[in-house]
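S.K.: The primary structure of each chain is shown beneath.
Protein chains: 2
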Amino acid sequence: MLHGKNYIGNSLSSKGKVIFKTFNPKLNQNNECDFTEATVDEVNKAANLAYNAFLEYKNVDSEKKSNFLNIIVEQLLLIEDDIVKVYCSETGLPEGRAKGELGRTVGQLRAFSDLLKKGDWVNASIDTADLHRIPLPKPDLRKMSIPLGPVVVFGASNFPLAYSTAGGDTASALAAGCSVIVKSHPMHAGTGELVSSAIIEAVKITGMPDGIFSNINSSGIQTGIDLVNNHLVKAVGFTGSLNAGRSLLNLANKRDEPIPIFAEMGSVNPVIILPEILQNDCDSIAANYAKSITLGSGQFCTNPGVIIGLKSDIFTQFVNSLSSSILDISPSCMLHPNILKNFEKNKNKLISSNSVKVVADFKSSTKPNYSSQALALVGGLDFINNRDLQEEIFGPFSLIVECEDMQQLKSVVKQMSGQLTGTILASNNEMSLNKDLIDILKERVGRIIFNGVPTGVEVNASMLHGGPYPASTDSRFTAVGVKSIDRWVRPVSYQDFPNELLPDSLQDNNPKNILRLVDGIYTKNKI
Amino acid sequence: MLHGKNYIGNSLSSKGKVIFKTFNPKLNQNNECDFTEATVDEVNKAANLAYNAFLEYKNVDSEKKSNFLNIIVEQLLLIEDDIVKVYCSETGLPEGRAKGELGRTVGQLRAFSDLLKKGDWVNASIDTADLHRIPLPKPDLRKMSIPLGPVVVFGASNFPLAYSTAGGDTASALAAGCSVIVKSHPMHAGTGELVSSAIIEAVKITGMPDGIFSNINSSGIQTGIDLVNNHLVKAVGFTGSLNAGRSLLNLANKRDEPIPIFAEMGSVNPVIILPEILQNDCDSIAANYAKSITLGSGQFCTNPGVIIGLKSDIFTQFVNSLSSSILDISPSCMLHPNILKNFEKNKNKLISSNSVKVVADFKSSTKPNYSSQALALVGGLDFINNRDLQEEIFGPFSLIVECEDMQQLKSVVKQMSGQLTGTILASNNEMSLNKDLIDILKERVGRIIFNGVPTGVEVNASMLHGGPYPASTDSRFTAVGVKSIDRWVRPVSYQDFPNELLPDSLQDNNPKNILRLVDGIYTKNKI
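Residue numbers (this note's numbering), protein chains in the order written: chain P, 78 to 604; chain D, 78 to 604.
Treat the hints as calculated values from the structure; they're not laboratory data. Fair warning: there could be bad hints in the mix.
For chains that are exact copies, the list does not tell them apart, and a pair is met inside one copy or across any two.
Lysine to aspartate or glutamate pairs mimicking EDC-like chemistry, simulated, CA-CA at most 20 Å apart [stated by the list, open to error]:
no.	residue 1	residue 2
1	K487	E507
2	K512	E577
3	K601	D197
4	K519	D581
5	K519	D138
6	K194	D563
7	K491	D513
Pulled out of the complex, with its shape left as it was, chain P reads as follows:
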């Protein structure tokens, strides 16, 4: 079923000497297929193809681009069974998760397909001429978004489908009119290969230019570095660790021509729990949070890693309830032995800190690669004094921060770095009395949640998945939802252009029937 080769544009290629395999964490053994790392020549060839394909693809009509995305969906669904099988063998995740994530991936592709049909996403803006203006005539100016160029997408370890090969970054970049080179994640190279085959099939069926998509295998870091340094590459999408994301940001900025990099680098997603709501709802909140903390073995970037409350009997009751709920949940298989190893290392480092007390610790499972979820507790002042306690522990673990009073709780929140999400659990009364707390938390997060859990990232236009550094490298953009297309485009203005030479979206008679800002008013009217 798998061949282990790279897709350099539409062509299979395996000129390299470095071979690697993926790993089945449930069976605790390597999977069968040999994957061949791409060579420098293959990487450069993919970049050249991507640039030339971009020059053609950017001018392809958006109806055709929309159809291309839909055909990718069709091709993915044709090989759904194979994808699910390989996905499970490379992740240890259950079939339901694989199917759910494929559904999400397909939903994202369709959402961008619809966005292209609607056409409003180009942000058309027109200011008409006034030849009689004093002292100088006013020119006709028309502006819309155009694609940046070839985009490199790094597959994410924790989302082999929705944030990898045909995931949000690829779907939004293709919708924007960019070509895409995926640096496949080595942990799920087989899943990436199958998804790539569906994209390449769609490229051929719809007659898109060869090179609009490439899939590069690599088990080390040099190939990613080569891709980001290639002068034909114009933007980068990444989901992963702070260390890797920061390294890519540094690379992108050291280039002769710096390029935008959108790295989503995880977070501890602080959750603030106030006392009044616990009085009514202690056990159900604890049960919900036990599920959220252990969901997907805690391998979500929105996993609640820090829970902050006020020292009180009811908070102690909550901690006890959460501890027993979390120990009731069976451990589950983690994505890879290395991820489990890092989880254990980081967890043990944190709980070895003097001020930290373990309050729940599931004993290691007898099954290899199964995680042992845990909870620890620290006082507010100790948390404030030790910034290391803010580091993300990727896996099913949360640190509970017990504060002496509201003032200390606010100090805890004030010294937190940028986060993807922040959550407040409170009664309406408590919220009204603590508006400044909302304000303090909001300043540090991309999404603020009331009485919910941070896991579960809705895909729509109102989602902001990102946040102040180090949650992401550019808080001004989202990685999830149709607005993520804004990462891959730039506006261009046309001054005094003949109507017939303007793009459809800017022509007088508005042939695409899109909403445009005309002389300061949003309208679909013709000029």
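Model the placement of chain D on the given structure of chain P, informed by the hints.
M.R.: This is chain D only, laid out in the frame that chain P set:
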């Protein structure tokens, strides 16, 4: 009239030991006032004040922010005569230019004041809940833009008003809800001081928090470095040279917390002239371009620095006509002896290149600090082979690139780096026959102009002033027009928030009556 002190928030401060003066290039002598450089302590104090002021100001109602901007206008107009006088003494520019630029500055402030009244700029987006969705309920998500935090604005040497103290960067950042620290340009510290006094007066009159605006004097580079490195600063605006802009970009990205920097770094603004239009209009095009090249002594970032044509009798006639027109224009005073010195140095370096021929060279004026405009010519192939010929020469100079044929002309355009503008002069017939040329040029510029001159940057929503690197550090944003506010904001999502705790812009009944994207449809309707 001038005191030479820093504004650290509302307070005058001059604790430093380093003193400098501004220079009157027309009189060829220093101006009177001693300006005191800010100390490290003063810089840190301004940053602390700016951060605390931001925490208050960001929550100030937008009607009040709008009024604040209008009161700045009022206060500027009250001291218009003083501003114009000091402006002229610090730049050598004529009174008409000073008044025109003040008008532009005032217009920009008013445009942002209006933008705040309208309120649409927050890009409100709402996706309503669906509690019955299968398999999981859909949460209520609402998103809008919020300000980033304290912004550092570097005054521009060539626009003491419109791109300095109360210029586009400051106006857009204050409108966004950010506090502003201006690093005043040392060449026009007096103009900066007067404009600052008007802003501080407006701060006091409208009761805005102390620290929402500071003005820092400095004649060297260290103060700017200290400002960009201050951890409370969250974004930077800059207009100036590529070298300085790139240094600031590197600084901003080396911080523990990298911050967005928006640097507009100039350009050679290529102009392509095709033969047919010259047949009808040779002399008037030449006359217009002579004016554009020498406008403001060529000290505009959109100055046409490279003019590209096809070798032919008519193009030779155009070059002759442009040469004689440009020599008919009297030289004018440049901003500063150092700017003149750099102009002469860079011009002489370029024309000393073997392949470059001088076609017009105004002999040096007897008046000190007056520029001598010039034109030079180079063959297409020589231009392609020497990337140094693409470097901006800041002043009244253009390099004419004479190409053998259309293929060579396209090659010339293809190897040009990112530009603020690109212009095509052509008949409608020529444009229709050369659509690929438009496409090649568009790929490299922020604004593409048909049959006009690149100088003259209209201030409205359809303007894109920026462009691919090295024209700017982030081609996704504009430095001119109301959309420049997008540089200083980030979106934040609210999930399942009680209606009464949401900002006005996101509440069910749409109390601000703004356009919102609700469940995928743009509407002003209530929920």
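S.K.: Does each hint fit the structure? Answer for all of them.
M.R.: Hints and how they fare:
Within a single copy, K487 and E507 get their C-alpha atoms as close as 14 Å, which meets the 20 Å cut-off; across copies the closest is 66 Å, which misses it. Taking the shortest alpha-carbon separations for K512 and E577, only the inter-copy value of 11 Å comes in at or below 20 Å, while the best intra-copy value is 54 Å. In this assembly of identical chains, K601 and D197 lie within 20 Å of each other by CA distance both inside one copy and across copies; the values are 10 Å within and 17 Å between. With identical chains, the CA atoms of K519 and D581 are at most 20 Å apart between copies only, with a shortest distance of 16 Å across copies and 40 Å within one.
Taking the closest pair of Cα atoms, K519 and D138 come within 20 Å of each other only across two copies (18 Å); inside a single copy the shortest separation is 40 Å, beyond that limit. For a Cα distance limit of 20 Å, the shortest separation of K194 from D563 inside one copy, 16 Å, qualifies, whereas the shortest one across copies, 26 Å, does not. In this assembly of identical chains, the alpha carbons of K491 and D513 lie at most 20 Å apart only when taken from the same copy (11 Å versus 54 Å across copies).
Of the hints listed earlier, there is not a single one the structure fails to meet.
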